[in-house]
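Using the sequences and the hints, build the whole thing.
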Amino acid sequence: MQDHVQEIVRRVSPAVVGVEVGPSQGTGVVVTADGYVLTAGHVIMRSKRSAIVRFRDGAPVGARTLGINRDIDSGLVKIQAEENWSYVEMGDSASLKPGQWVVTIGHPGGFQQDRGLVVRLGRVLSVGSTGIRTDCALVGGDSGGPLFDMQGRVIGINSRIGDQIVKNIHVPVNTFAETWDRLAAAQSWGNMSNLVKPAWVGLSLDAASEQVIVSAVAPGGPAELAGIQVGDRIDSFNGVDLTNPASFGEAVGRTPAFELVPVVITRDGRQLMLELETGERDR
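If you want the working numbering, it's the 1-based position in the sequence shown plus 338.
Treat the hints with care, since some could be wrong.
Claimed, not checked - Computed spacing ranges between beta-carbons, pair by pair: (1) 453 / 420: 27 to 35 Å; (2) 432 / 520: 13 to 21 Å; (3) 579 / 553: 26 to 34 Å; (4) 343 / 563: 29 to 37 Å; (5) 372 / 545: 34 to 42 Å; (6) 372 / 349: 17 to 25 Å.
The hints are simulated quantities; they were obtained by calculation from the structure and are not laboratory data. Where a beta carbon is used, it is the ideal one built from N, C-alpha and C, also for glycine.
Right, dumping it as structure tokens:
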């Protein structure tokens with residue numbers, strides 16, 4: 339088993355990339371020689387944005403975000419340079435069976451060249467038309483990474499990272515194929531709020547201020563763990579520039595629970611970039 343997994347990783351890793359859209363970072367996988375990249379919809383957030391993908395050597399390659407199906411959290415990115423890119427074959431997610439071995443590969447927490455790709459082995463727990471559950475260990479920042487079968491074919495994309503390992507969900511690769519024309523045409527549709535668990539950040543804002551000023555921080559909550567303090571001004575959240583308290587609520591509402599996101603704050607006249615892992619809010 340170990341030798342077989344290592345062989346899969348050797349074959350597919352040239353096509354696994356880091357995906358950066360502004361300060362937001364995730365993972366993706368190249369599935370065509372001309373540079374189409376599958377990722378999670380919430381990694382790219384919006385269509386027609388500039389993006390960067392990073393292959394194993396770490397060199398930045400210019401790309402563009404294309405379509406997003408928010409109903410299932412699928413997203414498509416296109417590398418702009420015309421080259422013959424390394425890519426992997428798309429498999430058939432409908433053929434998966436519970437108990438089947440799978441491998442996920444990614445850049446949890448963002449691309450780190452000195453660390454390289456992180457590999458996790460697991461089994462399929464259940465298969466549906468809009469989601470695959472596995473017991474592969476995932477953490478914040480794994481979103482958009484590929485899930486492979488034991489033949490090295492991509493059969494899913496990491497989407498929702500649960501508070502328990504059995505709650506991790508991957509987007510079935512067949513849904514990308516079924517909506518390929520719309521995704522490639524940079525169309526966006528659906529409502530992610532019905533799909534993801536609402537995020538909790540554990541802070542309150544100053545209601546009397548037109549800026550995003552922190553008035554309270556929940557002890558032991560995501561904001562405190564990230565280093566946010568009372569009096570901080572939050573300038574951006576998960577790549578979204580904030581103009582008022584309402585814009586902060588909207589940005590948090592579009593972010594899944596258990597996701598590692600960049601947060602830019604101003605404290606005592608100095609701008610700081612922090613990383614916050616969202617918690618789960620009761621609906």
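Against the structure, the hints:
no.	hint	in the structure
1	453 / 420: 27 to 35 Å	holds (30 Å)
2	432 / 520: 13 to 21 Å	holds (20 Å)
3	579 / 553: 26 to 34 Å	violated (21 Å)
4	343 / 563: 29 to 37 Å	holds (33 Å)
5	372 / 545: 34 to 42 Å	violated (51 Å)
6	372 / 349: 17 to 25 Å	holds (20 Å)
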